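*Asks:* These protein sequence lines are chains P and R, in that order. If you count by our numbering, then the first sequence holds residues 12 to 336, one letter each, in order. If you count by our numbering, then the second sequence holds residues 12 to 336, one letter each, in order.
It is possible that some hints are incorrect.
A pair counts as met if it fits within one copy or between any two copies, since identical chains are not told apart.
With a Cα cut of at most 25 Å, we get these calculated DMTMM-like pairs of lysine to aspartate or glutamate [stated by the list, open to error]:
#1 K92 / E305
#2 K330 / D163
#3 K13 / E64
#4 K222 / D244
#5 K313 / E64
#6 K140 / E211
#7 K92 / E272
#8 K330 / D89
#9 K69 / E223
#10 K193 / E305
#11 K234 / E211
#12 K285 / E97
#13 K49 / E223
#14 K140 / E226
#15 K214 / E272
#16 K214 / D163
#17 K69 / E226
#18 K140 / E305
In short, the hints are calculated from the structure, not lab data. Since this is a predicted model, take the numbers as computed values, not measurements.
Number of protein chains: 2
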Amino acid sequence: MKPLAYIGIDLGGTSIKMGLVDQLGNILYTLGSPTPVKAGYQHVLALFSQMAEQLLRKSDNEWENIIGVGVGVPAFLDLQKGIVVEAVNLGWYHVPLKEDLERLWTVPVIVENDANAAALGEMWNGAGKGASHLICLTLGTGIGGGVIINGDIYHGANGSAGEVGHIKVKHHGGRSCNCGRKGCLEAEASATAIVLDALEQAKGMSTGLLKEEYERSGTITAKSVVQLARQGDLVCKQIIINVGSVLGNALAQMCYLLNPEIILIGGGLSQAGKILFDPLIQAFNNEVLPRVAENTSIVPAKLGNQAGLTGAAWLIHRKYTLHLL
Amino acid sequence: MKPLAYIGIDLGGTSIKMGLVDQLGNILYTLGSPTPVKAGYQHVLALFSQMAEQLLRKSDNEWENIIGVGVGVPAFLDLQKGIVVEAVNLGWYHVPLKEDLERLWTVPVIVENDANAAALGEMWNGAGKGASHLICLTLGTGIGGGVIINGDIYHGANGSAGEVGHIKVKHHGGRSCNCGRKGCLEAEASATAIVLDALEQAKGMSTGLLKEEYERSGTITAKSVVQLARQGDLVCKQIIINVGSVLGNALAQMCYLLNPEIILIGGGLSQAGKILFDPLIQAFNNEVLPRVAENTSIVPAKLGNQAGLTGAAWLIHRKYTLHLL
C-alpha cells in the first residue's frame, strides 16, 4: 500500500493548482487549470472533483490513501464552519465549501485564506522551515500579509490579522489607496506603486531608458522597471531603492510588536532579488533596535506559486499529527 | 482545610507587592514593602521569605495550601530556566531567581517580565477578562507593551515582542528617545513627552495657567498638565489631544498586524481618563479600516498596581489547571 498523503488546493481568481503532498510537505504530483469563474460555484466543484480523480490516477492512488484535503481561497471565511463568506474575485458569497467538498470526497476538508495558506506552506517546507514565529509579506499588485505565531496562522479577533497592506507609511502627501485612504504601505511599496512611480518619472523625461521603454511598449510594468534598474538605469534604481526603504521601515515597526524569527518576502515583486532586498534590509537595520532584531532574519520566499497548495495540505497535516481529525 | 491558592509577587525597582490570590484571580490578602535595592539580591530573597510567612500567617494559611508562586520582575529573563539575565533597576545580572525561590519554598515558582505579568493580570481578572487576543499599553515615564495571543503572553523570537515604545511615529523632527533614535512612540506620547511639551510651551508664554503652575512649583508634571487641561486650559488640552492622537494612530497600525479583541491602556497616564481617551479613540477610528477594527475595543486597564501580582499568580494558575506543574 502507498504511504498516506494529503491533497492541497490553491484556488485563485485566475487559476487552480492542486497537488498531492506527502507527510514531509513535498509535492508529489500537481495539476493546474484556469479557474472557470464565470461558470460559477457548482462548476468549480465539479472541476475540483475531476482534477482530484485525475491526480489520484496519475499518482496511482486511491481515496483511501488520502488523509484529507486543504483548500486556500482568496476570501473572507467563517473558519469554524468552512464557509466562504465573501470571495469577490470568485463572485462567491456565503457558500458552504467545506461541507460540499466533504460530501463529495468523504475525507476531512479544511479551508483557509489563500495568503495564510501560502505563509504556512513556506513555514512547513519553504524559506520559513523550522521557525515558529513568522511574518510573511506578499508583494504584488497589492501587499498581503500573514502572521504565524507558535507554528500556526494567527487570525486575530475577526480574521483581519496580517492586513499589513494598509499600515500607514506616509503621513503627508501619500498616494491614494484602494481602501480610500492615503499613504498605505501597498499604495507606496507594491508593484502597482512602482509602475505609478515610473509612469510619473517617464512623463517628465525627454530621454533615458525608462522613457524609451514607455514609448516602445506604450506601458510600463514593475518587471520592466526592475530589469532597467538591473541594467543600471539610475531612475529605475532609485524607484526600487525607495520602495525597498519603505518596506524595510515598515517591517522594523512590525518587528517591535511581533519580534518574529523570520520575515518572509514573497510575491512577484520579490523576484527583483538583491536590487530590492539590499535597500530593504538596510532600512530595516537602520530603523530597528539591534536587540529587538538580533534573532530576526529577512529572507525571500522559496516555494513560489506552490506555497499555497503546500500550506493548504499542512492544515490537514497539522490536525492529523495532533490526532484532531 | 482552606481552598488552594497562589502567591503572586510584583517586584519593582521601588516597591514589592505580594498577594495571596484565589483560583478565580481575586486577591485575598496583600502585603507591600519598599524594595531594598541597595542591599542586594540575597537581601531581597530574605525579605520575600519574611513577607510570604507573614502573608500565610495573616491569611491563616500553610504552605500546603499554596500551589505555587509567580513573580513579575522588571528584567530580561531566561524564561526556560527562570534566570534574571538583566534587571538594570535592581542591579541583578544572571541570578537564578526561580531556582533559589524553589529551594526556599519547595513549591513551583515561575518568573515573568513585569509588564507581561500586568497584561496577564488584566486578562485574567481585569479589563481584559474573557478576551484571548490583547495588546496592553502601559503609559508612564516610558511606554511599555505586552502582547497576549491565544490567552497567553507572546514573547517572540527573543522576548522583545511588545516593545512598542520604540515604534516610530514621527519621521521628521521627532524628539530624541532614550534608545538613541528620534520620533519613537515613547518620546512622543509618554508622560515624559507631556512634561517636555508643557515645558516648551510654558517657556514661551507670558501668562496663563500653565505658566503660573510652572512659576509656582518650579516644575511641571504630567499630572498637573492633565489637571489644568481638565480645568479648561487650552494649551494643556491641546498637549493631551496631541498625545492622544499619536497614541490612537500608533494603535491603528498595530491593529492591522494583530487585530486584537481588546487594547488595554494602563499606567499612570491612563488615569487622565476621557480627556486622553477621547482624542485617542477618535484618531484610532480615523486611521483604521472599519472592518479591521470592528471587533476591537480600546479600554482603560482596571487593576492598577495590583495587575502585576495578579498576573504573576496566573502563571501558576495556568500551569496548574493544565496539569503542567
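*Asks:* Determine for every hint whether it applies to the structure shown.
*Replies:* Okay, the hints, checked on the actual structure:
1. K92 / E305: between (40 Å within a copy, 21 Å between copies)
2. K330 / D163: both (11 Å within a copy, 21 Å between copies)
3. K13 / E64: within (16 Å within a copy, 65 Å between copies)
4. K222 / D244: Answer is within: at 11 Å inside a copy they meet the 25 Å cutoff, but 57 Å across does not.
5. K313 / E64: Result: close neither inside a copy nor across copies, 29 Å intra and 58 Å inter.
6. K140 / E211: For K140 and E211, the Cα distance exceeds 25 Å both inside one copy (40 Å) and across copies (52 Å).
7. K92 / E272: between (32 Å within a copy, 21 Å between copies)
8. K330 / D89: within (18 Å within a copy, 31 Å between copies)
9. K69 / E223: neither (48 Å within a copy, 86 Å between copies)
10. K193 / E305: between (32 Å within a copy, 20 Å between copies)
11. K234 / E211: within (16 Å within a copy, 50 Å between copies)
12. K285 / E97: For K285 and E97, neither the intra-copy (37 Å) nor the inter-copy (38 Å) Cα distance is at most 25 Å.
13. K49 / E223: neither (38 Å within a copy, 73 Å between copies)
14. K140 / E226: Cα proximity of K140 and E226: none, with 44 Å in one copy and 62 Å across.
15. K214 / E272: Neither. Shortest intra-copy (42 Å) and inter-copy (47 Å) distances fail the 25 Å Cα cut-off.
16. K214 / D163: Intra 46 Å, inter 54 Å, cutoff 25 Å: neither.
17. K69 / E226: Answer is neither; intra-copy 48 Å and inter-copy 86 Å both fail.
18. K140 / E305: Cα proximity of K140 and E305: one copy only (19 Å, versus 34 Å across).
Hints 5, 6, 9, 12, 13, 14, 15, 16, 17 from the earlier list are contradicted by this structure; the remaining hints agree with it.
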